[in-house]
Amino acid sequence: MFNTTDVIETIEMIEKEHLDIRTVTMGISLLPCIRESAEETAQAVYERVVKRAEKLVPTAEQLSREYGIPIVNKRVSVTPVSLITAAFPEKSALIALALDRAADTLGIDFLGGYSALVHKATADYERKFLSTVPEALASTKKLCASVNVGSSRSGINMDAVKRVGELIKETAALTEDGLGCAKFVAFCNAVEDNPFMAGAFHGVGEADCVINVGVSGPGVVQHALSFAPEADLTEAAELIKRTAFKITRAGQLVAKEAARRLGVPFGVVDLSLAPTPARGDSVAHILEELGLEVVGGHGTTAALAMLNDAVKKGGVMASSRVGGLSGAFIPVSEDIGMIEAAEKGAISIDKLEAMTCVCSVGLDMIAVPGDTPASTISAMLADEAAIGMVNNKTTAVRIIPAPGKKVGDTVNFGGLLGRAPVLPVHTGSAEKFISRGGILPAPIHSFKN
Amino acid sequence: MKAVVTVTGTDRKGIIAQVSAFLCEKEINILDISQTIMGDQFAMVMLVDATDCKEDFASLSAQAAEVGRRIGMSVRLQHEDIFNAMHTV
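Here the protein sequences line up with chains E and L, keeping their order. Just so you know, we're using our numbering here: the first sequence kicks off at 836 and counts up by one. Just so you know, we're using our numbering here: the second sequence kicks off at 100 and counts up by one.
So here's chain L without its partners, still in its complex pose (with noise of 0.2 Å):
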């Protein structure tokens, strides 16, 4: 299954590399990022493929909320449904 991981929060070092490293052990295939800098303000957007990780998704939502309060960014790990349900007709 696709998902989406979005972090967001203050820009500083490291985001990028602490939270693909998350999804590398979680054997979560990343297909696309889009990244962006607004002010201070660091936002990014990734699709994953989690076909290969046999994990829970609620739990595996969970712990990447968790690697963000570890790196103080707000990280969201949903369904790609979501997204594709509200902005698709």
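Just chain E, same shape as in the assembly (with noise of 0.2 Å):
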């Protein structure tokens, strides 16, 4: 028998506190389409997509309303492309239109993969390939690209980081106030099973096809805390744990049942809280639930700390497998809560790096000036990738150089990407340290054997 206190709290929890799956992902390894030319590989690559995840976009939304309960994207993750390409990486770019093709058929709404795995060196062909990046992100709708350049076993490869920041410039330079940009992320030690974009890719251990779900739910875990008001912080943690348990059951039944439907093993649950721009929808409003009067302030990081690990264990015994990012998300333009601190000057990029140290992922969503040199963003990527290498975790840049924006101005993404107050960098060049290359060698912890 059921308790109507739990099914009423559930209805609430999704109509009034936005609960969702943020997003159900289908991972589709291209190995099997490499062909001699990039033209028949194309094809073959247009083929499979189509093929794998015809059912997809109805499953989800079937699932949806029998569930009651919103699924927001349908996504395809898929292998490395410069793995694909590795014998004609020049033209790399039909693969990027060919997935772009086959999103649009599959009515999803962002395909990931237009990937580079270089963490410990560049080949000839990953050069290539990444020079095809900004004109393959202007070029489509719903293409995502990412490149991983270091790990914590590796090191960072500095001459990718040093590359990254040239090609978020060229990309920010060919679409519309840089909104290609927020398509093209940079990793430290990124995951070969995440669910969420721009970063999503399928990684080459994994299986053919597999399902992976990323859920969400801030607005919940606010909700939770808005009625403990004088609960000390072990008592917050309790309580953020037990949301994050609900949230995650949510997730796990989804996609349990989105892989028996579609015949495809059930890959992870990303135990990501994941704001939107909406209101009663932020991360940054669970940390000033928490008592911060702004996020941004002393305090915050402590703060994203503890929520962080609540969500991940709340979130672990939810489900049968975990991966993904699994964290707490702080993008600033898909957050109300943070653009409104960062239009007060409350938060700064040296705070957001601080936080990045104890939550997942990284400087996500930041728009600075357009005028800001390739080598200051390439030092950017190469501090957040020293803060995930030395740590163990993932870490990211997705960074926009609006053009002929400057501080004080706000670029407007529009829909779930929101919108960005320019934030200011620091204007010490780092120019001769990027240009030195090379490989920053991996901690000695690294050495675990």
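Hints in this document: simulated from the structure, not taken from any laboratory. Possibly wrong hints are sitting among the right ones.
If you want the footprint, here are the derived chain L segments under chain E, 3+ residues with CB under 8 Å [unchecked claim]: (1) 100-108; (2) 141-153; (3) 156-162.
Which chain E residues face chain L? A few, computed with CB under 10 Å, are given here [what the hints assert, rightly or not]: (4) D841; (5) E844; (6) Q897; (7) L898; (8) S899; (9) L932; (10) A1085; (11) E1092; (12) M1141.
DSS-like cross-link-like pairs, simulated, lysine-lysine; straight-line CA separation at most 30 Å [to be verified]: (13) K1076(E) / K101(L); (14) K101(L) / K890(E); (15) K926(E) / K963(E); (16) K890(E) / K125(L); (17) K101(L) / K1091(E).
Backbone N, C-alpha and C fix where the C-beta goes; we use that ideal spot for every residue, glycine too.
Take each chain as given, in its own frame, and dock them per the hints.
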């Protein structure tokens, strides 16, 4: 028999507190698509993606109606394309167009995997592939690109870090307000089963085809905390754990059922708290609910550390397999609390960098002045990658140097991408440091064998 | 399969009658009902068995919502698993 209070609680979470399944992402291997020419490979890629994911959108929509819970995004991730086009890297853009066309045919929201894994070195074919990224992002709508520039085991490929800074600038120049940069992320310690964009790709260690699900629900956590204004932080952490458990169970249910109906293995549930620009769906507001006047002030890192840990502890028990990024996201433009804090001048890139030490994932959806040098963006990536490398965690940079914009302006991306007040960057040059290149060695504690 | 029907909104006459008539018409059997009034707010939760109903569940759910619109209430028909998943270990 059911408990009426539980039933009403679920209904309220969905209808008033923005509980949703943020994404059902199908990972598809492209390895069987490699042909002799780029044209044949592009055709094989299109056909495989469309065939494998043909039922993804209708199945997700059916599940959404049956369970009465919104499934916001239906996505596909694929094998890093640089591996598929190694024999003809200059023509990689053909695969980009084929993937975008497949995304259109399927009616999915995004497709990720226009990616290269260059954490130890950049092969010649990867160098050529990377050069196609800005044009590929400018000529497609749903395609997302990513680069892994470092890992705790291999160190940081500083040549790749330098190149990514240039690519971000090129992408910004080719797309209105630099919007293409919202579809481009650089990682340290990228994960192979991440269902979230822009960084989703289907790792080569994965099954041929798999379903990964990303849950959300910052509004639910904030709402639960609002009933416990006097709770100490131990109690608050417990409350967050219990709430995260419930949220994740919904994700686990959808993931298992989607995998069963689609006839592919269930991969992981990603326990991330992913905000949207909607009021009541903000990670920043959870931190403020915990007692901070405004996110970005002193205490923010500690509050975020507690939140991130509690979300994981609650979520891990709720799912049979957990993976992906699993933590609280702090994208500036996609979180109304972050946007407001940035507009008030309460939050800086330095504070955001500190926050990334204790949560997933990194400097995310931050607009910086259009005249920010490529070397400065590379240096921001180097800093983030160093945090990830030393702390054995995933870090990332998704920065938008909006052309023609300066501090005080706002860039409007629209929809779930939100709006971003342009934040100041340090003006001291890192040009010489970045131009040194080479490998930033892995930390001593990476030698665990 | 079992499902949960929830009806919420401002209290008025005939809510249970209308919702039950819809369920009966669709060959859905009511297993349990719990109903409460908070102020002027009506909240009802029903556990139902839809095994004999041959219609597509998603379409049934849309029709239930339509019944709700007709009587000025919020009516939802959801698979019971979502509640079991979220509230049991």
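30 Å limit on alpha-carbon distance, applied to hinted pair K101(L) and K890(E): holds, 25 Å
Interface restraint verdict for A1085(E) against chain L (beta-carbon cut-off 10 Å): holds, 6 Å
Chain E covers the stretch 156-162 of chain L, three or more CB atoms within 8 Å, holds or violated: As far as the stretch 156-162 of chain L goes, the hint holds, because 4 residues have Cβ atoms under 8 Å from chain E.
Outcome, coverage hint (the stretch 141-153 of chain L, chain E; C-beta under 8 Å; three residues): That given contact holds, which follows from 3 residues of the stretch 141-153 of chain L lying within Cβ reach (below 8 Å) of chain E.
Straight-line alpha-carbon gap K101(L) to K1091(E), limit 30 Å: holds, 18 Å
Residue hint S899(E), partner chain L, criterion CB-CB below 10 Å: holds, 8 Å
Hint status (Cβ of L932(E) to nearest Cβ of chain L, threshold 10 Å): Since chain L brings no Cβ nearer than about 34 Å to L932(E), farther than 10 Å, the hint is violated.
Proposed proximity, K963(E) with K926(E) (alpha carbon, max 30 Å): holds, 9 Å
Satisfaction of the E844(E) interface hint, Cβ to chain L closer than 10 Å: holds, 8 Å
Restraint satisfaction for D841(E) [CB to CB of chain L, less than 10 Å]: holds, 4 Å
Supplied contact hint for Q897(E), tested at 10 Å Cβ to chain L: Holds, because the Cβ-Cβ distance from Q897(E) to chain L comes to roughly 5 Å (cut-off 10 Å).
L898(E) as chain L interface residue, shortest Cβ-Cβ below 10 Å: With a closest approach of 9 Å, the L898(E) hint holds.
In summary, the structure is inconsistent with hints 9, 12 from the numbered list given earlier, while agreeing with the others.
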